[in-house]
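Chains as they are written, first to last, in numbering that gives the first Met the number 0: chain E, 0 to 166; chain P, 0 to 464; chain S, 0 to 357.
No lab work stands behind these hints, which were simulated from the structure alone.
Watch out, some of these pointers could steer you wrong.
Every beta carbon over 10 Å from chain P, so not counted as near; a handful from chain E, in silico [what the hints assert, rightly or not]: (1) Asn-1; (2) Ile-5; (3) Ala-12; (4) Ser-24; (5) Phe-39; (6) Phe-52; (7) Met-76; (8) Ser-97; (9) Leu-129.
Example chain P residues on the side facing chain E (calculated, C-beta under 8 Å, incomplete) [to be verified]: (10) Leu-100; (11) Ile-110; (12) Glu-125; (13) Ala-137.
What you are looking at is a predicted structure, and each value in this text was computed from that prediction instead of being measured.
We treat Cβ as the ideally placed atom computed from N, Cα and C, and that holds for glycine.
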Amino acid sequence: MNAIEILFWLLSALAIISAMMVLLSKNPVHSVLWLIAVFFAISGHYILLNAQFLAIVNIIVYAGAIMVLFLFVIMLMNLNKESEPKRNFWRILIGIISGGSLLMILVSLIRQATEINNKNALMESGNIGLIKTLGKLLFSDYVVPFEISSVLFLSAMVGAVVIGKKE
Amino acid sequence: MNAIILSALGGIVMMFTGIFTQNKIVIKNIAIITLLLLLIGNLLHFYGIYMLHVDVKDMLQFNNFGLFFNTIAFTSTLIYFLLSGTDITKVGINVAEYFALIFFVLCGVSILTSFHNLLMLFLGIEILSIPLYILTGADKKNLKSNEAALKYFLMGSFSTGILLMGIALLYGASGNFSIESVPSTTSKVAEMANSSILTPLGLLFVFVALLFKVSAAPFHFWVPDVYDGAPSVFTSFMATIAKAVGFIAFIFLFESRIAELGPSSRIIIPFVIILTLLIGNITAVFQQSVKRMLAYSSIAQAGFMLFVLYSNNDISSEGILLYSVAYSFATIGIFAILIKMKDYTFEGYNGLAKKEPLIAAANTIFLLSLAGIPLTAGFFAKYYMLLSAIKANGQNALWLVIVAVLFAAVSVYYYFRVIQAMYFKEGNPEIATTNTSFKVILLALAAIIIFIGLFPTVVLNFLYF
Amino acid sequence: MFSLEGITNFIHEWLNSHLSAIFALLAEFVLVGVAAIGLFAFLGLVLVWMERKVAAVMQLRLGPNRLGPKGIFQTSADTLKLIMKEALTPDNADKLLFNLAPFVVIIVAMLILAPISFAKNFQIWDINIGVLYVTAISSLSVIGVLMAGWSSGNKYSLLGAMRSGAQIVSYELSAGLSILTIIVLTGSLKISDIVASQENGWWIFKGHIPAIIAFVIFIIASTAETNRAPFDLAEAESELTAGFHTEYGGMKFALFFLAEYINIFIVCAIGATLFLGGWMPFHIGHWVAFNHIMDYIPSSFWFFGKTGFLIFLIMWFRWTFPRLRIDQLLNLEWKYLLPISMFNLLLMSVMAIMGWYF
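So here's chain E without its partners, still in its complex pose:
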């Protein structure tokens, strides 16, 4: 077991535990903070895969911007344990059963998948995640989606203005 493997297991454990805590935390603020921990763990995985750019963008966009806005809203709403609605036992049971069935199917299917079985990820090598490679791909093969996504952002921005503007 070398250092990379140790890191991999540590990060995986961190990611899974944090993801569980997102769901199990009673306090929404704690959930969001755990979610940030998940993003960190995933960024760590990206760095192990030598995709530093992806790791950093993950942190900038998710942990740095989106989650901060989440925190903003949740903190200002002042949600806490008391204001959480009571959960119906049967509803929880049904949720667990249906979610669990889906999980079981997915796990059993993915265990059979030929692409994944007995394959190792490229650790600390390969230049696919480097910013140079990504940039070149983005402006050659994927230039059409890249440009068209600007329409998406423009429409979202117009929408934000429509919603936010005082009447």
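Please build the complex by placing chains P and S on the supplied structure of chain E, with the hints as guidance.
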């Protein structure tokens, strides 16, 4: 490409219109002119005239089918602007932005009619959806509108998440985002990929996400509240153009790959069709509000349109175009009248025929078309869909067709309730004053529906120019 | 010639010759950690003293002058006082987050040190996206601030944290764009490459007007990002008592205080690296003799000199400009700085394509 570029530009033009003028009529007219240009640009594409020569790297593929659907969508929007444009300007103060958002939706439509790559599918669906979330909540002072927008947004985000999960799995299976299945070369790797479980799983996820977008059961729960809560003008747009294009996306994605969904697709698709028809039709029967009834009826209509997945042949592709025309035109017409009404319940329509005979007549034709009565466009639309099922699966499809016809008969009940209220009940319906041009356009629309009902091939011949 | 490179190499070789590879690595980790904490303590003591002295000069006062020559030990005494104080946790607070927040803030500050090049070949981690890494991590300090503000269970703290969040999230954009303006010229995000590209002149001189505009925007944005006056709305004492750290006392308060100064140091270090050549000595084109003389000054002196100058600039702002209102602050960013920096980036890209720079 013309349509994508022009519709995005149209959105930007409308955004800037809002800076230079606050005059609602001017804004509306600019929107209509821009839309006409968009329509012309799209038609020019048929004749091979392009604005820009873009190397799309196989991300997009333009064919007559997609371009023809674009034409349908833009024409419907044009009719929609002409009929309900004034009502759009009454929703709130951000008039220019509403039109801009509608143009962005059209951009999403034109992407979804030409995508050849899962990335473009995702972008198209998002460009289509995000403006719709906003338009749903456009009536900011109305609590129902806010609730609808939030509901739509949350549900829509979930379905987008499912779509992305599916795309990720498909990418994992094939290593690229192309919508075509992996070419089975002689190499062992490709063989393994084809037999893999990831492809059907990914396709299933994408399938579910698209079912959500076209409001098929059992993913229809958002529809009634959203369609009911949204400002009526925007419901009209959402229920027609934005919905029909979902089926086009379905065709593009699944026409060659439906078998890859696995043997269970033989069960899943008929099941979804019957469930959609059942829930849509039966629940529509019990509605008291015409607007809510139309929401459920739109679920029911989606059930018919889903036949395109079941039969998946040439007739069904033609049928879906015909269906889009018939359904969009009729629904836009009904909504244009509904918006003018003060009372959205069935009682609100009591005695409309006495007060406004022309409008009542037009409304009757639209409703007949939705119900699929012969001599209207809706009849041939349904006919084509059912015919395609028989053509595809012969006797095996017969039971499905019979069930569909039975449900069509159920639908006649609630459509005729409106007609009955208009003609056979006494009352004094409150309807906003309408000018002559509104009535003329409405009657012209009704005439078009009857014309298509008489000569459906006229529309379809466009495909083969 | 005195050089830090020699020291690090010596330590590295010595450790590797006496220990196995993995223990040598661990020992280096420990050394780096100790060095970082030492640097923190040193910076905290010096910068606080410097701030007070600068303030004194600006206001024609003497400033601290009792303890040690020119009052240099004043901050050490203050620190001692803070350490002695009891660490209180308010009843209303979310205990865990309340105690965690100062550490989050300080750890984030520590993480940013990794790619900074303090002297020639003296760098902890030369990651190939160094500058982006700094932008990413520095945006995280807001999480610590929000945690502190919310967990205190005090309205002033919450409001301060909210303001700080809004401020950091918005000013990050123009700071990022002005950094990108230089990246367009260097063609690399690696700090060592950026410094190396300034061997024959610093970017602020070579990049013409756009580089200067970018520099100005960067300084404004980083002042805002570090919550310094005139953008210190997060702790505007006349409105919010002390903003997000109202409820903190003793050492926990000191950590916030320290983090503020560390952050100033870091943004100034980044500014110095991008615009003023990092540790690169001042070179003028073909003046070989002049350049040689400049090379005799150790690279670490250059780096700390430039950083110190920028820090002085930021301290100068504090006593020059009045505090903005929150809406003015956001207007400044979204309506002025952001459009200007976008346009500036465009201009710089054109310049880079056409080769209109030295």
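To see whether the hints hold, each was checked on the structure:
{"no.": "1", "hint": "Asn-1", "result": "holds (26 Å)"}
{"no.": "2", "hint": "Ile-5", "result": "holds (26 Å)"}
{"no.": "3", "hint": "Ala-12", "result": "holds (23 Å)"}
{"no.": "4", "hint": "Ser-24", "result": "holds (20 Å)"}
{"no.": "5", "hint": "Phe-39", "result": "holds (21 Å)"}
{"no.": "6", "hint": "Phe-52", "result": "holds (19 Å)"}
{"no.": "7", "hint": "Met-76", "result": "holds (14 Å)"}
{"no.": "8", "hint": "Ser-97", "result": "holds (12 Å)"}
{"no.": "9", "hint": "Leu-129", "result": "holds (19 Å)"}
{"no.": "10", "hint": "Leu-100", "result": "holds (6 Å)"}
{"no.": "11", "hint": "Ile-110", "result": "holds (7 Å)"}
{"no.": "12", "hint": "Glu-125", "result": "holds (5 Å)"}
{"no.": "13", "hint": "Ala-137", "result": "holds (7 Å)"}
In the structure shown, no violation is registered for any of the earlier numbered hints.
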